[in-house]
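Could you build all of it, start to finish, from the sequences and the hints given here?
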Amino acid sequence: AQSVTQPDIHITVSEGASLELRCNYSYGATPYLFWYVQSPGQGLQLLLKYFSGDTLVQGIKGFEAEFKRSQSSFNLRKPSVHWSDAAEYFCAVGAYNQGGKLIFGQGTELSVKP
Amino acid sequence: DGGITQSPKYLFRKEGQNVTLSCEQNLNHDAMYWYRQDPGQGLRLIYYSQIVNDFQKGDIAEGYSVSREKKESFPLTVTSAQKNPTAFYLCASSILRQGDPSGANVLTFGAGSRLTVL
Numbered sequence: 001a002q003s004v005t006q007p008d009i010h011i012t013v014s015e016g017a018s019l020e021l022r023c024n025y026s027y028g029a030t031p032y033l034f035w036y037v038q039s040p041g042q043g044l045q046l047l048l049k050y051f052s053g054d055t056l057v058q059g060i061k062g063f064e065a066e067f068k069r070s071q072s073s074f075n076l077r078k079p080s081v082h083w084s085d086a087a088e089y090f091c092a093v094g095a096y097n098q099g100g101k102l103i104f105g106q107g108t109e110l111s112v113k114p
Numbered sequence: 001d002g003g004i005t006q007s008p009k010y011l012f013r014k015e016g017q018n019v020t021l022s023c024e025q026n027l028n029h030d031a032m033y034w035y036r037q038d039p040g041q042g043l044r045l046i047y048y049s050q051i052v053n054d055f056q057k058g059d060i061a062e063g064y065s066v067s068r069e070k071k072e073s074f075p076l077t078v079t080s081a082q083k084n085p086t087a088f089y090l091c092a093s094s095i096l097r098q099g100d101p102s103g104a105n106v107l108t109f110g111a112g113s114r115l116t117v118l
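Residue numbers (this note's numbering), protein chains in the order written: chain R, 1 to 114; chain F, 1 to 118.
Some hints here could point you the wrong way.
Said to hold, decoys possible - Straight-line C-alpha distance at most 20 Å; calculated PhoX-like pairs for lysine-lysine:
1) Lys113(R) / Lys61(R)
2) Lys57(F) / Lys101(R)
3) Lys57(F) / Lys14(F)
4) Lys49(R) / Lys68(R)
5) Lys57(F) / Lys70(F)
6) Lys101(R) / Lys71(F)
By construction, these hints were calculated from the structure, which means they are not laboratory data.
In structure tokens form, the structure reads like this:
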């Protein structure tokens, strides 16, 4: 079955520290991969996406993610976290023949300590 | 600025009532989607539409209905048949472009509507 797993429900990091949010997927076709961010009570904003090519992708707000096919992973990273990064982060997977029918992970809530 | 407008932001419903959530987009996107969000469960697809007057069920369509009479509008009705309707509902849209299937996967989301059943 197709699925996306975000193993960490909640992560707390100190401001200025580095961040890595984990995402593993199970998908039969070549995946399209996404990270979205959601502030409380708001919609989702696209951080970055991977379709093909370079496996290290850069996104907005200083985020990057690396696609590792052998590990079925697409982890999100940021070298230095800012207090404004506190939010919920969702990993999602799609495919060329699935239109916008994405499968989302359960989300990881990020808290940032001063 | 282009975007997706969802209304109302908050909605309360008594058991047995139908309610309709509005979703309007001015992005000229072809496809529109409704997702449901519950705590700890991520987002799940309810319905989607790629063209006016046509729509398909997603993973959790039971108890919901939609219409797509205009390209810009994709309202969702939560019927009394939906057993557990309290949730956060998100509308999204994307471009459909011949020869470029990737664009269809890039979703733009509205700010959401929170439905609470009393």
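Comparing the hints with the structure gives:
no.: 1; hint: Lys113(R) / Lys61(R); in the structure: 18 Å, holds
no.: 2; hint: Lys57(F) / Lys101(R); in the structure: 11 Å, holds
no.: 3; hint: Lys57(F) / Lys14(F); in the structure: 25 Å, violated
no.: 4; hint: Lys49(R) / Lys68(R); in the structure: 14 Å, holds
no.: 5; hint: Lys57(F) / Lys70(F); in the structure: 18 Å, holds
no.: 6; hint: Lys101(R) / Lys71(F); in the structure: 18 Å, holds
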